[in-house]
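Based on the hints, put chain H with the ligand in the right spot on chain S.
Read top to bottom, the protein sequences are chains S and H.
Per numbering that gives the first Met the number 0, residue 0 is the first one in the first sequence, and the count goes up by one each step.
Per numbering that gives the first Met the number 0, residue 0 is the first one in the second sequence, and the count goes up by one each step.
Honestly, the hints are just simulated from the structure, not real lab data.
Please read all numbers here as calculations on a predicted model, not as lab measurements.
Quick reminder that beta carbons are idealized off the backbone N, C-alpha and C, glycines included.
The reader is advised that the hints may include incorrect statements.
Stated by the list, open to error - Taking beta-carbon pairs under 7 Å as the criterion, some of the chain H residues facing chain S (in silico): (1) Gly-108; (2) Leu-113; (3) Lys-115; (4) Ala-255.
What the hints assert, rightly or not - Distance windows between CB atoms, simulated: (5) S:Arg-267 x H:Pro-200: 51 to 57 Å; (6) S:Glu-342 x H:Asp-315: 29 to 35 Å; (7) H:Pro-6 x S:Ala-300: 40 to 46 Å; (8) S:Glu-342 x H:Pro-6: 28 to 34 Å; (9) H:Gly-95 x S:Asp-423: 35 to 41 Å; (10) S:Tyr-241 x H:Asp-315: 49 to 55 Å.
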Amino acid sequence: MEQTVIDGVPVFWAQGPAPMTATLTFGCGTRDETFRTIGITHLIEHLAMSTLPRVHHEHNASVGLEITQFFATGKPAQLVEFLDVVCRALADLPLDRIDKEAGVLAAEGGQVTHPTAATLLARRFGTSGYGLAPWIGPGYDRIPASAVAAHAARFFTKGNAVLTLTGPPPEGLRLPLPDGPRPFHEPQAPLPVAGPRWSAESVPCPGLGMRGPAVSAAWSLGMQVLQERLTTVARREKGLSYDVGAERADVDPVTAERMIWVDAREGRETEVAEILWDTARQLAAFGPDQDEIDHEVTAFAEAIEDPRLVDAELDLRARAELLGESFHTSQEWLAELKAVTPEQVAAVISEGLRTALLVVPEGGVLELSDRDGKRVAVGGCARAGAVPDGRVFRPPLFARMVNGSARRASLVLTADSVTLRDDDGDVHMVRFADVVGVEVHDGARTVFGRYGCLVPIDPDLFRGAGEAVVALEAAVDPALFYPRTDLIG
Amino acid sequence: MVRADLPSHVDPAWNDPELERAVRALCDGDPTPAFDLLAATREQPDRRELCVTILGQAGSAVLPLLRAAAEEQRDDVERLLLWGSALDAAAWQARGAAFAEHTTDEQFGQLVDLTKQARAVLRRAAKLAPDDAVPWSELMHGALGAPEHDDEGDEVFAQVGRRSPDLYGANYTRLQSLAAKWYGSHETMLEFARSRTADLPPGHPLLALIAVAHVEVHIHNLDNGNFFKRLWKGMTYLGKAPVRAEVDAASDRLLAGVDVFGGHPRWLAANQVFATFYHQLGDDMASKPSDTMRLARHLAYSGERPALWPWGYFGDHEEQFAKARNAVAGTGMGIG
Ligand SMILES: [Zn+2]
Numbered sequence: 000m001e002q003t004v005i006d007g008v009p010v011f012w013a014q015g016p017a018p019m020t021a022t023l024t025f026g027c028g029t030r031d032e033t034f035r036t037i038g039i040t041h042l043i044e045h046l047a048m049s050t051l052p053r054v055h056h057e058h059n060a061s062v063g064l065e066i067t068q069f070f071a072t073g074k075p076a077q078l079v080e081f082l083d084v085v086c087r088a089l090a091d092l093p094l095d096r097i098d099k100e101a102g103v104l105a106a107e108g109g110q111v112t113h114p115t116a117a118t119l120l121a122r123r124f125g126t127s128g129y130g131l132a133p134w135i136g137p138g139y140d141r142i143p144a145s146a147v148a149a150h151a152a153r154f155f156t157k158g159n160a161v162l163t164l165t166g167p168p169p170e171g172l173r174l175p176l177p178d179g180p181r182p183f184h185e186p187q188a189p190l191p192v193a194g195p196r197w198s199a200e201s202v203p204c205p206g207l208g209m210r211g212p213a214v215s216a217a218w219s220l221g222m223q224v225l226q227e228r229l230t231t232v233a234r235r236e237k238g239l240s241y242d243v244g245a246e247r248a249d250v251d252p253v254t255a256e257r258m259i260w261v262d263a264r265e266g267r268e269t270e271v272a273e274i275l276w277d278t279a280r281q282l283a284a285f286g287p288d289q290d291e292i293d294h295e296v297t298a299f300a301e302a303i304e305d306p307r308l309v310d311a312e313l314d315l316r317a318r319a320e321l322l323g324e325s326f327h328t329s330q331e332w333l334a335e336l337k338a339v340t341p342e343q344v345a346a347v348i349s350e351g352l353r354t355a356l357l358v359v360p361e362g363g364v365l366e367l368s369d370r371d372g373k374r375v376a377v378g379g380c381a382r383a384g385a386v387p388d389g390r391v392f393r394p395p396l397f398a399r400m401v402n403g404s405a406r407r408a409s410l411v412l413t414a415d416s417v418t419l420r421d422d423d424g425d426v427h428m429v430r431f432a433d434v435v436g437v438e439v440h441d442g443a444r445t446v447f448g449r450y451g452c453l454v455p456i457d458p459d460l461f462r463g464a465g466e467a468v469v470a471l472e473a474a475v476d477p478a479l480f481y482p483r484t485d486l487i488g
Numbered sequence: 000m001v002r003a004d005l006p007s008h009v010d011p012a013w014n015d016p017e018l019e020r021a022v023r024a025l026c027d028g029d030p031t032p033a034f035d036l037l038a039a040t041r042e043q044p045d046r047r048e049l050c051v052t053i054l055g056q057a058g059s060a061v062l063p064l065l066r067a068a069a070e071e072q073r074d075d076v077e078r079l080l081l082w083g084s085a086l087d088a089a090a091w092q093a094r095g096a097a098f099a100e101h102t103t104d105e106q107f108g109q110l111v112d113l114t115k116q117a118r119a120v121l122r123r124a125a126k127l128a129p130d131d132a133v134p135w136s137e138l139m140h141g142a143l144g145a146p147e148h149d150d151e152g153d154e155v156f157a158q159v160g161r162r163s164p165d166l167y168g169a170n171y172t173r174l175q176s177l178a179a180k181w182y183g184s185h186e187t188m189l190e191f192a193r194s195r196t197a198d199l200p201p202g203h204p205l206l207a208l209i210a211v212a213h214v215e216v217h218i219h220n221l222d223n224g225n226f227f228k229r230l231w232k233g234m235t236y237l238g239k240a241p242v243r244a245e246v247d248a249a250s251d252r253l254l255a256g257v258d259v260f261g262g263h264p265r266w267l268a269a270n271q272v273f274a275t276f277y278h279q280l281g282d283d284m285a286s287k288p289s290d291t292m293r294l295a296r297h298l299a300y301s302g303e304r305p306a307l308w309p310w311g312y313f314g315d316h317e318e319q320f321a322k323a324r325n326a327v328a329g330t331g332m333g334i335g
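One chain only, chain S, in its complex shape (with noise of 0.2 Å):
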């Protein structure tokens, strides 16, 4: 792997099979943006590649959890214009076509992460960071012009930039971007929430979230082993599961969050989750086979023979200098898999346990033990014990009489939170400290906190909320709030 400085941005390059790929990486994710800015990564990626013209060569961009990257494939001077096109826009973003694009983005919907691992990080992290990857926020359409120009100005710079190429850098090659130096992403610690838990959640099918170290190939050979494993309960038991998948959020340098799902037939979701967390313990309690080690080692030898696995070292060389992670070559991973033994899979995956999430969809109930037998508790947002003494409003008397949940439900404000109790009697309160959007609809409020809380203050729903309204908007800084999009429903 070669190395060089093309207008003061690192440039990795190796050689692979042609045609050259260049990939432009920015140490800039959806971790990056707030509750109030959720899809501004995506929203400046899209005005940058929408000044490009109708060009011949493939060229595409993405954006990942911790990174954005823009790539093209083609002539050397094909790549040479894509990336000038790309800096200059970057430089100068289109605010103007901030509608157009806001409208395109949300027609086209994308997630960052498959919904279960979403709302496992956000079960794990809370509405901030790495946790809003399940969350839709205010809408394209609602994030300020000058919000991204600023996230622009911050994160797409030079020092913020690394240039990957599967073939020498090609002539006249510049990265006319914007200088700035590279951004410090803050430590995003996990919700404080002793041992695993459990809970249900709007997701598509189970899953199972895990923290452990950044760089462990006793965690990913185990990861594999775990999948594989499901892939072969999910085959034998016809119509159970079809699909097993995983994915992993490097949080910082030593902290990763592997998550992995399991499709699960209707009606068999609940089944499917205790397969999941009792084949994942079992590995935590036995290890792996041997024999399923010299798979997957065997596996990943026959993956890194492929020339086009250079693209993706090259990735990972250049997320190593962008984010701080420490960078392996193929051979050197391939050497720490083959030294992994049984006994440090099980390990490792016995302390990834230790603070698992386990979601299973709407209306689903786990009774399961942890690995010393101890039950898993009910995990989801940040549920308060009681509510709080306050100004209690309920529903309108006629609502009560007629419905059940109207008996049930209520809102309670206080000098410095607003509580809803829920009609399962569960409490929800999100303190004005804590909020981090305020969806503005007609007379209501919708609140949405920093524990994964959201409290409706709706003056139809709830009789004189209009008073909790009035303390909210007194203690709440203004720009949290925004009018619902008028993009979606």
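Then chain H with the ligand, alone, in the frame of chain S:
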């Protein structure tokens, strides 16, 4: 010196000083004597079965310790056996709690899930020690409470049968699984007790299966039907001539073999089963003075500590045991 009682989740109807030490150490957080004891019982299946079950009951309170120990030496059969047995005991405790509190299905879910864990651990032990009957005997519990599939109980019991067919715990659990309250009927249960005991030598503790089976029928009578039916059946079943004759015969056979089997790990427990039977028979309309004599003889071999079952069917096991002992006090057929 009188030692403190064992924790209430540990069945104390045995007399084995080494096991006593190991149980107490385990309760105090030291599993080493338990592992050593189990390692010493590899050639003593009856004692091994008792020790694994009892230590498992004690171990259910220190599961993290046993897990860590099993992780330290992943292929150590004794560690796996004890961990699996403890998970199994925890599963049954969850189930017991569910019965007691009349809660929802929640704790039955815990029974199923903890059984899954126990099953995986015990199967690994069985794989590592292919000649050992005790992992299979322990697997009987899960096959009873939360079977993986319909035939698990049959399959597991067959595995015990190939290795140590006369294990007390395995046969006792098998009999339970054939009872009407689980998946069987009085007829199949009694048939099992009869065929299983037909060829036993005098004194063999498994002779208690006959008494257990009739106690099970009795319990079923007390729990089912309208009030008068329950009352009537409760007062007349144990004293029926064929029942009494069958149990008396088994009792005679047991007592005749004290010289050979008096030191069997299950000798006390078997005598307590008969004692429970004859103590209950005392409430029957057809009770006779000779029943009290038999009660006294079995109590004399029952030790000082009552088993949780079958005494516990009829109330607090310690109270029942004390009542039974009072019933024979002053008859001149005293204990010991
Ligand atoms: Zn909530």
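So, going through the hints one by one against the coordinates:
Restraint check, H:Gly-108 versus chain S: the minimum CB separation of about 2 Å is within 7 Å; hint holds. At its closest, the beta carbon of H:Leu-113 sits 5 Å from a beta carbon of chain S; the interface hint therefore holds under the 7 Å criterion. Against a cut-off of 7 Å between C-beta atoms, the interface hint on H:Lys-115 holds, since the closest Cβ of chain S lies about 5 Å away. A distance limit of 7 Å between C-beta atoms decides the matter here; for H:Ala-255 the minimum to chain S is near 44 Å, and the interface restraint is violated.
Between S:Arg-267 and H:Pro-200 the Cβ separation comes to about 52 Å, which falls inside the hinted range of 51 to 57 Å. Judged by the Cβ atoms, the range 29 to 35 Å given for S:Glu-342 and H:Asp-315 is violated: they are separated by roughly 46 Å. In this structure, H:Pro-6 and S:Ala-300 break the distance hint of 40 to 46 Å, their C-beta atoms being roughly 54 Å apart. With their beta carbons about 33 Å apart, S:Glu-342 and H:Pro-6 fall inside the hinted range of 28 to 34 Å.
Checked against the hint of 35 to 41 Å, the C-beta distance between H:Gly-95 and S:Asp-423 comes to roughly 29 Å, which is inconsistent with it. For the pair S:Tyr-241 and H:Asp-315, the beta carbons lie near 53 Å from each other, so the given range of 49 to 55 Å is met.
In terms of the numbered hints stated before, the structure departs from hints 4, 6, 7 and 9, listed from lowest to highest.
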